[in-house]
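Let's have the full structure, built from the sequences with the hints guiding it.
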Amino acid sequence: MHGRPRKSSSDGGSQEKDMAKAAGLQSLQTQFFKNHHEKIYTKEALQLNAKLLEINPDIYTAWNYRKLAIKQLLESESESASIKQSLDEELRVVERALKRNLTSYGAWHHRKWVINMGYSSLDHEFQLLDQLLKADSRNFNAWNYRRFVADMKKSRDEDELKFTTKKINENFSNYSAWHNRSAILSHMLKNKYGGISAKEQEMTEEYELVRQALFTDTEDQSGWFYHLWLLGQKIAPIGPKLEMSWPCNGSQLVIDFNEQSHAYVSDFDTPFGTDHCMFSEGIPLVLHFSEPVKGVNASTVSVNSLLLQSESLVWRPISPHGLQAKTWVTLLKLPSTNFRAGETYTVQIRVADTLGIILLNGYNFACPTALNFSLDIHTMTIRSTGGNFETVPLAWEADFFFPLAIDENKFPIELHLDSLSIDGSGNQENTRWQQETLDREIKVCRELLEIEMDSKWAKLTLARLLIAQDMLSGGSILRNKRMHTDEVLQLFNDLIEIDPSHAEYYKDQFSLILLDKVSSGKQNLQEYLWDSKGTGSLSNGERNKWLRLHGLSLSRLGSLEQLLWVQRLDISHNRLQSIDGLEALQLLGCLNLSHNLLANFTALGPLRQIKTLRALNIADNKIGAHTVNSTRFSFPSALNNSSISNADTTRDADEENLEISWEITIAFKGLHLRQLDIAGNPANDEKCRRLLMKTLPSLKWLDGTSVN
Amino acid sequence: MGELEIEKHTQFIMSVEKKKDFDSMVMEHLRMSGAYWGLTTLDLMGKLDAVNREEVVSWVLQCQHDCGGFSGNVGHDPHILYTLSAIQILALLDKLDTIDADKISAYIVGLQQEDGSFAGDEWGEIDTRFSYCAVCCLSILHRLDKIDVGKAISYVASCKNFDGGFGCTPGGESHAGQIFCCVSAFAISGALTHVDRDLLGWWLCERQVKSGGLNGRPEKLADVCYSWWVLSSLTIIERVHWIDKEKLKTFILDCQDKEHGGISDRPDDAVDVFHTFFGIAGLSLLEYPGLKPIDPAYALPVHVVDRLFFGQPH
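For the record, the sequence lines run as chains A and B. Numbering follows the working numbering, in which position 48 of the first sequence is assigned residue number 48; successive positions increment by one, without gaps. Plus 1000 on top of the position in the second sequence (first one is 1) and you've got the working numbering.
One thing to keep in mind: the hints can contain errors.
[Unchecked claim] Below are the DMTMM-like pairs computed for lysine to aspartate or glutamate, each with C-alpha atoms no more than 25 Å apart in a straight line:
(1) A:Lys622 <-> B:Asp1244
(2) B:Lys1020 <-> A:Asp18
(3) A:Lys166 <-> A:Glu208
[Claimed, not checked] FRET-style restraints, in silico, Cβ to Cβ:
(4) A:Ala298 <-> B:Gly1290: 36 to 46 Å
(5) A:Leu73 <-> B:Gly1290: 51 to 61 Å
(6) A:Ile40 <-> B:Lys1019: 29 to 39 Å
Derived by calculation from the structure, the hints in this document are not laboratory data. Note that this is a predicted model, so its numbers are computed, not measured. Where is the CB? At the ideal position from N, CA and C, for every residue including glycine.
Here you go:
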């Protein structure tokens, strides 16, 4: 099946031989199956079976037969020596079969089954494994089997680690050995220290071992993969934490509250200066974590204020995946009475004071955090906020934008966290070792690059190290202290040239670094902040403030936790196929995604979680141009057995095109869009428009035309 | 290079079952999977009408045992691998009404172990391939809730390695075939959060070697079958743009036997139906014109999967 040369059709002589071989095999098989079905386990029958397995070790039924024969033997025989003899014969049969095919699952499992009985010498197994792994050091069946035998013998991790050292020293290119090393080391460290944090000395030795591999052959990937893993063990940016919130810590919201309509118009601080927004159901409170978590609720997050006495808040995970999310939202509803207009009320939030917030890996989220903001409340007189698009649709074109002057006093937005973490003491030491390691490894990469200027692995690792160093020295608190951004961007540009097959990967990383740069400092953000005196959104000539990240060749979104305050976002004219992460922007009202590479409506899935979205432009994308929908499993549906959305997937019986109907539902159902632009997409036909209007009953403008 | 020889490949597949040479005999024990590969390939090329459906169904049913499981061929023992292939064939031919879904579910449920893993059969071999077979098969039968899905998923998650990939068992080296099984099992169960898409996606895209083909793990040779295992995994986690699609397309087309039909593991090697399926399935995922789209997790044509899950209410 693998690695056999193609035979020419005119090879008559060998054809005859082959047919004879086939006939021989056929007759063996026929005989064997007769024995199997009639349960004949005589010595001759077993020998015939062994002969068959030697020719074809993959006939799994033949291995089953041998087990049945042994079981029968064990029923009648109780003498230990006799049993051992029979089992040794089994092991010999397996060995012969393995010589035919070293990757025969049936053979390996039979051996394991026999050994499990406990009559055989484990030392002999280790010897056999030494032989076999010498013949093929990448044979994963053998490595798996070794793990099984080591476990049975209760070998020490240290000894197994030594074995991997031996194999690595024989050949640095042995990915299997490095892999097994990582598994054993993880296990050792877990046991030794009761947790996954490593002792520095051991890790330093690991780095030394890897360094030998890297200097021996810069282009051998095994060492580099292992190196990346080592970095992740200790250097990965500070553990899971609360990254950002909206309203953010220390900010003030000025609220006009209309008692009749229960509408809140809020003025709040942003990098633009003051912006405002109307909320009809309550003030959203957004928490954004560095990793997906579950268990955010009224007992794990306390929200206290004179205004909200004993509110039991309901927290919603913002994710298509159900219970786990990076972003969580709740709504603060102000009481109709019981507050004094003109007063300032503080809201205190304490996250993870009590246990209950859980990470994906099952561990507790252990980073208690406190933050607060203030509400300055007035009763509302009639004030327009814009954004209703009643008379004319929102215009998206560039003509309507002009650069915004920034209020010097109001920037940057920082999340000042009073961390209640008790882990304080060890941190200093930790950080120092991490910084030393990063400095040293960066030096190693630079040395390697002097020898091999175009080493893709060295450049990629260097880029990752520099990113890690920036994160470590600044953290996300001092984002404007990034030192290496320009060098990192240059490294990715180099990689696109050296390794064009993987250009799209490097472009995605480039986008992430670029967005990190954009959002990490006043100077950086300034050029992307625009004013729009556009028509349609305003009835009194008021300006609207936009963040415009258009035309940056972005293929990926990141640093979105820095942009939770954004209400109007223009990411048109980029190369986005996915908008994963955008769901964090819980205040978003207007979104321009035109001229990107979105291939399906389902790629818009994250938008369904943004209840405030009113105007969306997805014109001139690639929706309908592709036959493959790679987002099929990213959203709940019957396909992935998600009970959440069964209602979504019922269809009208006369719906011809199941696919597009499902996609539109996944993307849009439940959204209160008033305006949608979809021209310039192959899928934009009459049927599609009908489905859209059906799914979006609140829609007023479709491609600039009134639909009501 | 150049074109996909649909006619030749059709002829090749149709001829496979009649072959009596040694190499074909050696494959007899996995004929159920062979049939699934051949029939699905024919459907992707729009040539399934060439097949006698009744004959196929009748043979498939002959391979069902009293326990509910299916064997690889008539007279062989039942196994979860061939149970999945059998169900996939029946789904493809829209003949799932010929079997007792509850009986088959019970067989699979019986193979789940305490720790959530699945044995291949009564003899107890454990492998994440079998976790995939269980989840995929039960999902097609709309009976996924019969197993302990939570445990099944946490067992698969326990096979995650330092590089973001997955192996056969906990601690087993990452391998593209196992990764397909684990990622698809997560996908079908709505548990894709267990995958680190960026880390795994990068490891997977590094399977592309200079020739444009894909290997299954570092330092190994490119092989057409990885065009499926790697590509489908990348598609499910939305990272398929990280490989050079054009170069891969060229590699697959170069592996065709343009004279006799069929596709081999690498150029100029012997062809077989296994590599023919994975080559053409890979081309389908690469949107090669003239091929029907294939579902990356269920490994069946999209129209079949959509019919199963979005068609008539069940």
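Hint check results:
no., hint, verdict
1, A:Lys622 <-> B:Asp1244, "holds, 19 Å"
2, B:Lys1020 <-> A:Asp18, "holds, 10 Å"
3, A:Lys166 <-> A:Glu208, "holds, 15 Å"
4, A:Ala298 <-> B:Gly1290: 36 to 46 Å, "violated, 57 Å"
5, A:Leu73 <-> B:Gly1290: 51 to 61 Å, "holds, 58 Å"
6, A:Ile40 <-> B:Lys1019: 29 to 39 Å, "holds, 30 Å"
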